[in-house]
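Engineer: Counting from 1, one number per residue, gives the positions in the sequence shown under the UniProt record's numbering.
Bear in mind the hints are in silico, worked out from the structure with no lab data behind them. Backbone N, C-alpha and C fix where the C-beta goes; we use that ideal spot for every residue, glycine too. Some hints could be false.
[What the hints assert, rightly or not] Straight-line Cα separation of at most 27 Å, BS3-like style, residue types lysine-lysine; simulated pairs: (1) LYS133 x LYS80; (2) LYS204 x LYS298; (3) LYS192 x LYS133; (4) LYS80 x LYS204; (5) LYS197 x LYS133; (6) LYS213 x LYS298; (7) LYS411 x LYS204; (8) LYS192 x LYS204; (9) LYS293 x LYS204; (10) LYS9 x LYS48; (11) LYS79 x LYS298; (12) LYS133 x LYS204; (13) LYS197 x LYS411; (14) LYS80 x LYS192; (15) LYS197 x LYS79; (16) LYS293 x LYS197; (17) LYS9 x LYS80; (18) LYS9 x LYS293; (19) LYS79 x LYS293; (20) LYS411 x LYS133; (21) LYS79 x LYS204.
[As the list claims (entries may be wrong)] Pairwise CB distance ranges (calculated): (22) ARG229 x LEU188: 33 to 41 Å; (23) ALA107 x LYS293: 44 to 52 Å; (24) PRO8 x ASN163: 38 to 46 Å; (25) VAL285 x ALA209: 24 to 32 Å; (26) SER134 x THR386: 41 to 49 Å.
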Amino acid sequence: MKSQTIAPKRWWFIMPIVFITYSLAYLDRANFSFASAAGINDDLGITKGMSSLLGALFFLGYFFFQIPGAVYAERRSVKKLIFWCLILWGGCASLTGVVSNIPMLAAIRFVLGVVEAAVMPAMLIYISNWFTKSERSRANTFLILGNPVTVLWMSVVSGYLINAFGWREMFIFEGIPAVIWAVAWWFLVQDKPAQAKWMSDEEKSALQAQLQKEQEGIKAVRNYGEAFRNRNVIILCMQYFAWSIGVYGFVLWLPSILRNGTQMGMVEAGWLSAVPYLVATIAMVVVSWASDKMQNRKRFVWPLLLIGALAFLGSYLVGSSHFWLSYALLVIAGGAMYAPYGPFFALITEMLPRNVAGGAMALINSMGALGSFIGSWIVGYLNGATGSPAASYIFMGAALLVSVWLTLIVKPAENKTAPIHGAKHA
């Protein structure tokens, strides 16, 4: 039985759950950008420099707890971990709407990062338990689509909520869905195919056999220490760090960039902020399909990041006096930065065996979180210090050029040697 024909119902059972879960995680981290554009700084007496740090604090908490979360998910249960994360991040997100001072806001932003840290690596581990190599780029993309699709509708909804009620009510309303979804998650999710009542025994056996066969072609790695010293893992950590500088500098400050020097209201800023994520959504689906079809991951990562870098540099050269041309280039940059996520995370699971792949993904994602912290902090600082987004365009474009070079020097084939038996779990 070919892997493509094994239990096609997996896509209908699992992907909606994966998509909704990551969507809610992304909603509660990205809506801070709208509060920043809508007056939270004036209400709480936050300076421009402090605003950029508060926006970035989320990623500091996110950085520190990636690997512990991935280890728990890999060795124990994705189901239990995500259940508690949903409740805690929904609560923290809503509490952001009742803060009265800067220390409270700083603490909640950091804690929100901590409780969301395990979500990405845990969900990637979950997908690797259910989908084969020929499916994984598309499956990863359905997960990460929760990012641009959420920002797309969140940009519009948040603009209207702030316009109708205020930034406090926006945080409160948008934190509630995660807590409600935790209940649905608990009853819908099983950790492994063997636990699924909706699959036949034949389907379970065929899927397990295919997943096991794929592991036999990957060089054995004894433990996390050996995996973390792997040349490709080190390069991908640096690559994802640089890539994330561009992505999160863009995500967290786009509404403020659009309102800079214009008389645009929050509703208009919301609609315009949504367009790059619509482009990103379409690009991610097309790129992941092509990547699975051709089984070449790198070819679908670096060219798109290069397009994103050139679009940022083009926005700088165009200048703020040509708003619509600059905006069109930002739309291209946003779409190009998001498109390669599916192939990128598929690449990791194809280089390392299952016993260490989750930890390696967590390490790479934690470096991405550190890049997100640097990107969101420095872009916010540059925008405030210079009164223009021009310097931040150069900064984000340069970071993406570095990520292009690092992608090109990855050698994924080097790990695909004959199987070595006896590899043990860390």
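Engineer: Which of the numbered hints are not met once you compare them with the structure shown?
Structural biologist: Numbers 2, 7, 10, 11, 13, 16 and 19, in rising order.
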